[in-house]
Each structure stands twice: as C-alpha cells, then as structure tokens.
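Following the hints, position chain B against chain A.
Residues per chain are reported as follows:
There are 2 protein chains.
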Amino acid sequence: MTHQLLSFSGSMTLASICLAQSGASLSSFPPEARAAYVEYEKALFEEARPDRLRETHILLAQEPHIAGTEGDARTIERIAGIFRELNLEVEIHTIWPLLAEPISAEVQIIAPDTVNLDLKEVPLREDKYSSQATIGWNAYSGSGEAAGEVVYANYGRKQDFETLRRLGIDCTGKIVVARYGGNYRGFKAKFAEAAGAAGLIIFTDPADSGYMKGLTYPEGGYANDCCIQRGSIMTLGYQGDPLTPGIEATRDAKRRDESEVALPRIPVQPMGYGPVKEILSRMKGQAVPDGWQGGLPFTYRVTGGDELRVRMRVEQKREIKKTANVVATLRGATHPEQLVIMGAHHDAWNHGAADPLCGTIAVIESARAFSKLAAEGKRPARSVVFAAWGAEEFGIIGSTEWVEANRANLMKNAVAYINLDMASMGPQFGGAVSPSMRAVVADVAATVPAPGFTGTVYEEWSARVGAGGGVPTFGDIGGGSDHVAFLCHAGIPSAGFGSSGSRGTSYHSAYDTLVWYWRTVGADYGPAQMMTRMSMGTAARLASAPIIPLDQCAAWDDLGKQLGDLMQRPPLKEQSAGAPRLLLQSVDLSQRGRGALSRATAHAAAGTITPDELAAVNRTILGLERAWLSEAGLPERPWFKSLYASPDEDSGYDAWVLPGLRRAAERNDPEAAAVGIELLGDALSAQSRLLDSLTHNRNERSE
Amino acid sequence: MTHQLLSFSGSMTLASICLAQSGASLSSFPPEARAAYVEYEKALFEEARPDRLRETHILLAQEPHIAGTEGDARTIERIAGIFRELNLEVEIHTIWPLLAEPISAEVQIIAPDTVNLDLKEVPLREDKYSSQATIGWNAYSGSGEAAGEVVYANYGRKQDFETLRRLGIDCTGKIVVARYGGNYRGFKAKFAEAAGAAGLIIFTDPADSGYMKGLTYPEGGYANDCCIQRGSIMTLGYQGDPLTPGIEATRDAKRRDESEVALPRIPVQPMGYGPVKEILSRMKGQAVPDGWQGGLPFTYRVTGGDELRVRMRVEQKREIKKTANVVATLRGATHPEQLVIMGAHHDAWNHGAADPLCGTIAVIESARAFSKLAAEGKRPARSVVFAAWGAEEFGIIGSTEWVEANRANLMKNAVAYINLDMASMGPQFGGAVSPSMRAVVADVAATVPAPGFTGTVYEEWSARVGAGGGVPTFGDIGGGSDHVAFLCHAGIPSAGFGSSGSRGTSYHSAYDTLVWYWRTVGADYGPAQMMTRMSMGTAARLASAPIIPLDQCAAWDDLGKQLGDLMQRPPLKEQSAGAPRLLLQSVDLSQRGRGALSRATAHAAAGTITPDELAAVNRTILGLERAWLSEAGLPERPWFKSLYASPDEDSGYDAWVLPGLRRAAERNDPEAAAVGIELLGDALSAQSRLLDSLTHNRNERSE
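Chains as they are written, first to last, in the numbering used here: chain A, 239 to 941; chain B, 239 to 941.
No distinction is drawn between identical chains; accordingly, a pair holds when it is met within one copy or between any pair of copies.
Calculated lysine-lysine pairs in the DSS-like style (CA-CA distance at most 30 Å, straight line): (1) K366 <-> K522; (2) K515 <-> K358; (3) K522 <-> K358.
If you are wondering where the hints come from, they were derived from the structure by calculation, not from laboratory data.
So here's chain A without its partners, still in its complex pose (with noise of 0.2 Å):
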C-alpha cells in the first residue's frame, strides 16, 4: 500500500545528526564485543548479494499474486519454502479476512454519444507481464450501477468537497471524478459517498504521475494514458480485517455482520487519464478554480452540464477468504525473547515487482545472511523475526492480524519493527521512522555505501539535501503500511524504510512487473542492496547492543518541537497552563534520561554493570516505549492506542504526532486538548516513574 509517500522532512534534530557520526548505538558494548560486533556487520554487509536479490525477485514476481487467490497461496508457499531452506523458525500464519474480488465493470458515457470506455491496460510487446493484470478497480467498492452528470471533484480531498459546496455545486446522484493524489483514496470515496455521489470515478492525472513528470511507459518510467491505480478504498477506525478488530481473524473468529460496518456502498473505479479525457473533455460547465488544473490538454471544468452524462457498473464479491503471514524467526543466542522484526508484505495488485516485492526480497535477503552467519556460529543476543504479511494491500490485514495475536508477548518483548515496503525503488535512501530509533537508523547510513556514489548512504542524503540548503531528516511516522499495528496498537518504535530517485511510477498498475522495475529503477540491484544493508545493519544493532540502542530522549525532544507547533493552535492555546507543563515534564526527562542512559551505557561498556541491572536498563527502555499506550485509546478509534504517533483522520496520508492533541487543534475542540493534555501528562509521569526506578537502582549500587 504504502500510501504514505516518503518524507525527507522532518524532525531529526542536529543532536541526533552528531550521533550518527559518533556511533551512539555501538557505545554500550565493551570493547572487544564492539569490534567483533563491527566484523559480524560488515559479514552480514558481505552477504547483500544483487544476484540473489534479483533471483527472489524473479520468483516471487513470476505470476501475480493478489491476496486471496491462488497466485497469491503459490507465492506464500515459495517465501515459506526460501525460510525453511535457511533453518529458520518458519511459521505460515494463515488468518480468514474478508476480501473482495473483480467480477466486471463498465464505464460509458451514455450523453451526448454513446463512447464505451477503457478499464484495463493495455499489454506491450516490451513488457511479457504486462497482459496479465486484473481490470482496473478499487477493492471494498459497492457493486452496482450509477448513472448522472459529472462533477469534478479535483483530488476529492475534504477541502476540496467544501469548495464544491462554496460554489453551490451539488454532487447527490451525480458521478463525481475525482484525481489520485492528496490523500488515500479510500477518503475519496468516504467524501463522495458523504457528498451524495451516486458513483466515483478515480482517475491518474497526468500532470501528477503521467506525461508532465517524463516519459511514460514503455519508453519511460510514468504513467502511460491507460496505466491504472488499484487500490483498497477501505477507511474504517481501525486496521485489519474489517470484520475482526483487535482480535485475530481466525476461521473461527467471533465477527462483526459485514452490515455492521462502514464499507464503501457506491461504485467506485478507477482509471487511466486516456479514457477519462473522453469525460473530461466533454464537460461544458464552470472552469476550474486555481489549482484543479491538471495536464490534459483542455481546461478542466468543475460541472458536466445536463447534456453529458455517465452510466458506471461495478460487480465486486466480498467473501471471507484465506490467506497468510510467512514469518520466520533466527533464534537470539543470549535473549532469544526479545524480538527485532523486520518485515514487508508480500501480496501485491499484480506482479508487484515494486510493490511490495523490490521490499520484501529485502527481508528475505536478510535473512538469508543472518542465517548464513548463525551457520558459522555468529548470531545476535535478541531474535530477529524476518515476515513477509499478507492481505497488507486491503488495509494493512496480515500484519495487523498478526500482531493482534501476538499482542502480549510483542508489548513485553518487542525491540522495534522495521517496514521494507517497496522499499528499493531508487539510490536516494529515506525514512519515516519513530524518535528513538533516529540514531541508530543515522548510525547505520553512515556505514553503507550509498549505489552510484562515492561515500555513505548517509553522505550522499546530506549532498543531496544539503545542495537545497537542509540537512537529512526523518520523516514522522504515522499510517500507510505494516508498521502501523506495531506503533499505534502495540507502541513498538518502527520505521518505514524507502529508496527514490527513479523516473516512474508503476503503482498499482498492471505495469508493477519486473521489466518495468529493471527499465525505471535499474537491473543491478544496488538500491535493493543498500536497503537490505540499512535493514541488517539496523536489526543487528538493535538485536545485538548490551543496552538497546533506543533513544526515548529523542522522543522527549520531538515531543517539545511538536508541542511548540501545536500551541500555537487556538485550542491549546486556550489550554494555559496544561501544555507547557508538559513541555517541561519533557525536557526534565530528556535531561534525566539522558544522564541514567549514558551512565548505564558507560557501566555496560565498562563491563561495570551486572546482568541483572542490564536487563533492568533494557526493561526500562522498552517500559518508556509502551508507556506512550492508552489502553482506550484515541478518541473514537479507540483500537489505536499509541498517544505518540497515528495516522491522520483526514486524508490518510499524513502522521499525527500526539494525536490526541492534534486532533482538538483540527476540530478547534478545546474539551478534546484537556483530555489529551491529561493523558499525555499520565504517560510523561509514568516515564518519569520508570526513570526513577532505574536511576534509583543504579544510584545504590555505584554512585
């Protein structure tokens, strides 16, 4: 899914870019260990290997393997079958979501002609995978027929619905069109829904992702006039399976009536820009408002007129089906209970040679290598836990699942969990990754070598940002892939890693094939070498340091920033008192954690500490991160429970740091930012508890 782009910008502050020169996350291993720990990196850097890359790539982007079906159980089988050949703990975790398939569906303009439209791409002689996609659609659609005039409805962003109505345009029984981009597009759909749509059209602009960005597929990289997006339009208050939240969708599962929830009811289906020109160029109303344009070549118009008019017919089958996590687990040698999880889903629109796959043979990779130096001996202190999750592209279901079933132990053991979804789509590495896994995230970028350059990942992001004047950030992390039930619902620190740099996009399309991904983004696999790198790199310092290497500090830092912002905001503002008392509850426990943390990381590389106090330091450290949980929840989504960080409720496309307050400053609901103002002192004091015991503790023994 990946519907969160990536974002350069963001909040990593210059103390965390001067950690990622002084190797903090190396810093609580003795000596020797460091060393031995710095050869076992470069051993598992050794094993990167683009020949076998692009071999799991061939394999698991053979046929196309959409959740649910056969192509997909074939796929589950051959990621199990690569787990199993490397020794690995595998389990197939088979879970029972309710999908949907594609039966038929048909666009016409019925007035002033009869034109019947185009809803599948064309196949190329260039391109062998490219004759083998579905018809383009949007799973979870309605099934059924509309039939009306047209509005344009832009981006069919919330903003863009309320100019609509400022310009007193009706869209009830009508068919809105509406472009791809400025939000998930599950939110079209909810707002066209919402604005009496009787159906909804979503369509590639080319002026976003098609000719005006480069040249189009074949000869380039974008989207060529009928390169489609699919896509789940799935917008409920929770991840998953729609029918099981917060619980594991066993066959057996207690589940909600399907009536029971918020499904889209319309028609909704999307299209290439070549057939909607055909709409588009028809309409003879109003012209647009500055900043609807797109790039066909006409003046887009807001209003059909009453002599245009468009009959749509989507038929869909929603059904429970089968289908499956493959998650395989390298055993750690000393705490072998704690987790670090890395993971990619592994079902995709078509082929996926992108999306997910260029992510997921990162994952594979890795384990591969991790398991080849277990072989000869060598393993980390933690587990490391290498998945590959299904159904990720209906809405985030076979992680979620997962981690709904696994809740408890994940709360208590998990180190942190990082997403490779379609993560090697170019040489310029990027991340939206939580606070306290910035550094060593930096850490590792600073020891990769970055694909066609001269230097470090880390080098070439500061060349590339510095030439613009920044300096490299991380994005926030919130919603848009399997990440999020480990963040929001479980509070373990995540990132969401990604490459860019390539011209293209296939997204979606039944262009996601390999000949798309070796022409676009390259044959040589160094992007999908240095994203394996960045996730071993990451995962071994995570699994393998004395004291992890999560820094809550930064958290606490962030906090601050995010809280300078949001009082700036009326209902905060209101809030006198309450968020700069939180300010300061913050910057005492960065002071606070900053001193306990190095003074324990100081005794551990001194060998001062004994192993009881270590695995105290490390409880705490997991302890701050689970304390940023609110076990009801955001105020009614209560299945995410993280007070840190959620994906928005508006658009689906961004993260919401301390949701709870962003939230009221949104809706200007100053009830709301007392509520979360509480809640997010009871989590600070909580922390500050748990710092007291550790310094406590430590104080006793040696100062």
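Positioned in the frame of chain A, the structure of chain B alone reads:
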C-alpha cells in the same frame, strides 16, 4: 510593450501606508485652498465617464495601427483631433525612427515528414476584428532562412542556456524553440544567437497563457492554440530609435549606421501552441529537466534527434519610417512652466484594444476632464501634459525621442510622469512607482472608489493582499514602457499604473480586439474609470499642491532597505566601510529631510511662507530627484543615467534599484561595487547640500 508585469510586492513601508490615511499630499494647502482643491478633484472624478471611455476606445481600436503604417497615421490624427477639440496646446511631435515590417515568413517541418505550420491566427466568427491582423512576427528579426535539428530551451533565459550547456547540448546551427515567459523576448533571441542557434521559434505555452490557465478565446479569454504573441526583440544598451541614441530622431538627425547596431541577425518567429505542438511532439531526445515541462500533452524533450528537421524563413524590411507622438498641454494657472505628465502609447501590434488602448483612453478621458474644468475657470497651478506616444512597441521609441528632444527643459521643470500603458485590465489596482511618488498615489487610492467593491481602491487593495497576510505595496519601477526615458534618462520620478483581475490574455495577438476586451475585462468600463481617476487624482495633486508632494525621504528609506539586501552579497560585503557609510548618510538625509519638509509644509499651510521661499522649496524638491542622475551614466549603458533605478540587464523583466551596486552584485565585481558606492555617495552628498541650503534659508527667517 509593458513587458514588466505588474508587481504588487515591493518596498512601500508602513510609514508610507500611514501616509495613505493621513492625506499628506494635501497638507501644504492652506485650509480654504485645500477645501477648494478637494472639490476640484471630486469634479474631475465626476468627469471620468464610462460611456465616453467606451466611445474613445471604439474610435481608436477600429483598425490595426502598427507604428509607421497608414493605420498609425490615421490614429495619430484621431488623437490630435480629440485634443484639439479640448482646446489644449497640441504638438504632433513627428519622428523618423528605424522600424520594421513583416514581409513574409514560413516555418515547416522538413523531416521526417513535411508539415507546413500556420503563422497566423484563425479569424473567429465571434470577433469581426480578428480577421485583420498581420502574420505573427517579432520586429527586428533577422531576415533569412535557417534549417536544422531542434533544441528546446524552456523560457530561453540566461539560466536555461546555462542548463543546456551543462547538459552538453550544442545549439550551434540548430533551430531553438523557446516558450514565452520568464524574460523579455529580446533576451531569448540574444541568448539563442549567442549560443549559435540558426533560428529561433518563440511560442506561447498552454501552461503559461493557454488552456491550463483557463478557458480560451472565444469561450474564455486565454490564448487558444493559434494565438501568437508578437513583439519587438531589440535589446540595446539604450531605449528609443536604434540609430539615434541620446538624440532626437528627426528627419535629418545624424544616424548610426545600421551595421554598427546590435540588432538580431538570426530569423526569429513567434508561434501559437497548436503548430508548435507539431514540432515538439516529434522530438525524440532526452526528457526535459525539472521546471521545463509545459502544458502540451506529452513529455517535453530537450533535443529533437537527428531525424527531425525544421526549416524557417523570415523576411522583414527595416526602414526609417515616420510616426509621431501627440502631446497636449493644459497650461497651469500660476506655474505653467512646471509639468506633470501623463501618457500612454498609441501604437499597437494589431487593434490594440488592451495593449495599449485601455490605458490610452484613460489619458484622453483625463484630458477631457481637466479641459472641461479649465473651461469653467478651474485649473491646477502647474501644467498637465497628456501624451500619446508613438512606436512604443518597437523599443519605447516615441517617448524616448520626446524626452531626448526636451531633456533640458524636463530636467528643470518636470514634476513627475505617470504611465498608463494597457492600464485598465481589471478591477484590481496596482503599480510600480518611484518611492517619492508612493505617498501621493496611496493618498489618491484612498479617495477613488474601486469598481465592483464597496470601498476605495486602497481598501480593495488592502482586503485583497490582506487575505494573503500582506499589506499593499508598490512594485519597484524599472523598464518596460514609456516611463523609462523620463525616469532613467532625465531623473523624473515616475509611476506605471495598471490593473488586473480579469481571466485571460490577448497580449500582442490578433485577438487584442474590442470584442476580446468586452468579453474578458468587461464592457462597463469600470476599470478604465478607476484608472482615469487614479491618474487624474495623482496628476492634480502633483500639479496643485503648494509644495510639490514628492517625498524624497521615502527614497532614502528605500535606499536603506535595498542596501541592507545588497550588503549581504559578496562584492558589497567586501566594501566593509562603503555601504554602511551610505546607509548612515541615507538615514541622516531622511531624518533631516522629514524635518525640513514638514516645517515647509506647515508654513505653507499656515500661509507663513513667501512665494520665493515656496519656489525655493519646490526647486529643492525637484533638485533632489535630479541628484540621482550621473551624466556619465551606468557602466556600459551610458544612456541610462539614474543611479536609483534602471531596467535589469539579464532578463529585461526586473527593475534594478541602485543599478550600479546591483550589477556589481550580479557580476560579483568588487571594483564596480566600489565605484557604485562612490557615485551614490556623491549623489547623497549633493542631496545633503540641497537640504542644507533649504534648512539654512528657513532657519534664518523663522527659527
């Protein structure tokens, strides 16, 4: 011409905004005279009549009237006829500049296939005037033939040709295709020629002025696919007739030889986006870099490849031709030698309903109003001059020749110049104004009602820019229209008034007709009425107030602000003492000037000033303006004599404030910076002495 677009950003300070509400431009009137003046101004405003503006518009836009043609001669007679009827002193100031006329042109694709491309707009049933235009042409193009491969150069700016060089693309012998926008078209030709191009095609891109901006003509007002922007491509180090720099282009003037003048040598042809699409869509080379994509429905490419060849042939005749300015004077009541001048050109590329006539009619309507009240015995103290300039479109020729012919008298007696080129284009007022004139213009804006808005021009302006968080500001005035010779050659403070807010452009095309104007700007002449009132009010105050309301302090304040910016740039940073010294001088002048002027104003209002003293104050005020002149002129542009303002040298679009320092900064030339600082220091010292004498005189008498 008006190639400097109206800019609403600029350097009007909060101080001058307060002046707008203080009515400072009236404060030197004794109370009774002030009341009488206010009545007079009101009566003038009453005389700005939409029906007459429309009538004049129809009279002057009835036929094409390119400078030097028979239509031009008839237009000159028509304007002179109106002025004569108004009992003004009318001068038909005949000049003989080097003009050009189109003979023929052809552009064709000659390989891989043969396609002849249209170079003329399609006549429209909806617009009876649209059939009378010439072919598209760029005046002063080289005549001849060229054929070759194609290179696309984006906007043909300095940085675009630098990008081509960086990409390793050689323009030698190629047909360069560049789009309009981003600079003055003459620079596109200059840079293309310098890069070795064999020929240049300049086209209007739909992303900049066509369907991507809004509906096209005739349904809307934007450029349709055959719409061609004509215009001159002369770029010399001076304005006016290319053969007689610095002197009047009389019939027998001593002329330069045409071969000594750097007129374009390669053929240059403007085109619409319909025919240019045929060329661009056949290009086969690499895709364009970021920011180069236009609005045609395919990816633009930098090179055409060796299979695509274009041939072009342009034939123009350059010839010394007769044309004229029409200059009408309303004698002032008490100081007829002092001149407030307003003007707009009368020549056009075709009918010129928008450019220039919607401004020209405001000049003529102003003349009517002043004349009518003069007939009733009411006239300002100083003379008001109403000018319709010839051959502006070829190179700001008529006004320049008139200034060159009258420079000595103008430097002694001209108070200010107000330019109204193409001024009435919508309900939203704006202007680029010399700092010393800003207060009086803002004062007038606070008295003129805005069309379609309940409130004044100043209130509409505040509401509009306030919505974006800004305050009304004037743009810096530099090049682009008939104020240049006044401002830069004779040191006369100038204003370029304009208005906007209509959806469309017919700029320099066959569609610049009455029908286009009525459909796009409107047929109610509200904007023209507003612009008539703005210019009448400004002229009347400048011509009537006992103390000329020019506030040099605003210029010194602006100098401080400009220096603040320029001092950040290397060559001025190195002049460690020079720029700060200028800054101190300007602060001192501003403080002393404010004191001296407010004392003089108070005495004038109280009637405690003698006529001789008043005359001395006004001489000082004009002397302060002229002190910005340096007879040696700017480096490599000796015709430009103002140290305060000039057109820029790199794009022809910007104003350069403090051009000596600005050029030094752009060229990174510390030596030039030192010279520039010294010259400005001299100017400030001269102004200081002028202020001294004024203060000294006043002190002796009354303090």
